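*Asks:* Each chain, written out:
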Amino acid sequence: MMLQETDGERLLVAVRRLLEAKGIASTAEIAERIAVTDRASPGQGARMVARAWTDPDYRALMVEDGSKAAEMLGIPMRGMPPLGVLQNAPGLHHLVVCTLCSCYPRAVLGYPPYWFKSAGYRARAVRDPRGLIAEWGTVLPDDTKVTVVDSTADYRWMVLPLRPPGTEDWTETQLAAIVREGDMIGVTVPKLS
Amino acid sequence: MATFAPGTRVRVRNDWPEARGPAHIRTPHYVRGAQGTVVRALGAFKNPEDLAFARPAPPRALYHVRFDPEPIWHDGRKGNDLLVEIFEQWLEPA
Amino acid sequence: MAPPLFTTVALVAKPEDSIRPRRLGNNAARDESDRPPRAAESPNQPTRVIVARMDQDPPRAHHDMGGVPKYLCEPVDIEPHALTDFDKEVDALRGVLGAKGVMTVDELRRGIEAIPEADYHRLTYYRRWIRSIADNLLRKGVITEAELAAAMEQA
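Chains as they are written, first to last, in the numbering used here: chain X, -7 to 185; chain Y, 63 to 156; chain S, 317 to 471.
Keep in mind that the hints are not guaranteed to be accurate.
List of simulated lysine-lysine pairs, DSS-like, C-alpha gap at most 30 Å [as the list claims (entries may be wrong)]: (1) S:456 / S:404; (2) S:456 / Y:108; (3) X:109 / Y:140.
Simulated from the structure, these hints should not be mistaken for lab results.
Nothing here was measured: the structure is a model prediction, and the numbers come from that model.
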């Protein structure tokens, strides 16, 4: 049978029915999986960033062992790919991409956004990162180095962005509230809203 | 296989298994044949090239390798670099 | 000074040197200027005739998209797009099959990469996934073509 069926919905229904009948994947298991995945969101990563901004020991742990740092904040990492954390610094900015597919730090950021999976993003990130992030209005100083990280294997990468000035006496909760999904991939930088 | 210490200059093999039959390769086209510098070892992981075909998949050492983009793209853009996870079997000393 | 644009070049090279095809797997404008001819390191090294690199397009797989010229002008839609129920169910199905050891994420990727190029770009993201999932289940004999055809009829 040629799988040229473009009606993905019908194919999903058919596959699910067969797998349920064979006891391989039930409706309940799929629903449970959706519920678990829905619990991951950029808010998880934002909590890690806010903690790192206020606690140098946590920052060091995050950079050394991202998975352990996530678990410390109650983010489930068992069975998940190892988390790598790319630490921005004055003069150094990181941008994450998966040119081959869409590998994304889902455990701490949730589902990858539409743009991350697009042909334009996957092609442009490794070749013209500044032109690409300009699509988000992000402009970096001329002397900032941009390191583009292509997620080609088992690690999943997130960016630990720079803390914006003017937040020196903010609480972790206040800090986490300004860290967006794009800040942890590198297409944007955290701003005071 | 040799272990590559951080700072070692390496070359990515200019090999194209895709040309020889069905393959699943996680070494992007743009680094094949390129020279880079090992940043650090990332651990050992089962070879995805084998996992993709449900073959026995021995763990292989994975490295983070830094590449200068200019010899790759010839675009004249400055101030960027590339970090790519590359498995040991794709690397040789430069 | 730019080297001349040769169509065929005879160079003296070490035997183990391989002809290095350009890494841009696309018929972008050919420019020979990145590999000026090198002198032989020993007069006893054999001479090799190196064919024009424009005749050696590296066989880049179509999903291997980093820096590929034809996508560099693609605009990026930066708006958030909520996942549909279909998307989430396909995503979860793959996860359940992975957790049960039926199908790995590597097999999912291989199946997606095997989708012919035109379909790969025409199909939306999770439609590529469900096609790969079905392909893998068929290959592994978890489901048969007859079963799938019958189930599709009812769907």
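*Asks:* If a hint holds in the structure, say so; if it doesn't, say that too.
*Replies:* Structure-based check of each hint:
As the CA atoms of residue 456 of chain S and residue 404 of chain S are separated by approximately 24 Å, the hinted pair is consistent with the 30 Å bound. At roughly 20 Å between alpha-carbon atoms, residue 456 of chain S and residue 108 of chain Y fall within 30 Å of each other, so this suggested pair holds. As the CA atoms of residue 109 of chain X and residue 140 of chain Y are separated by approximately 26 Å, the hinted pair is consistent with the 30 Å bound.
Hint violations for this structure: none, all hints satisfied.
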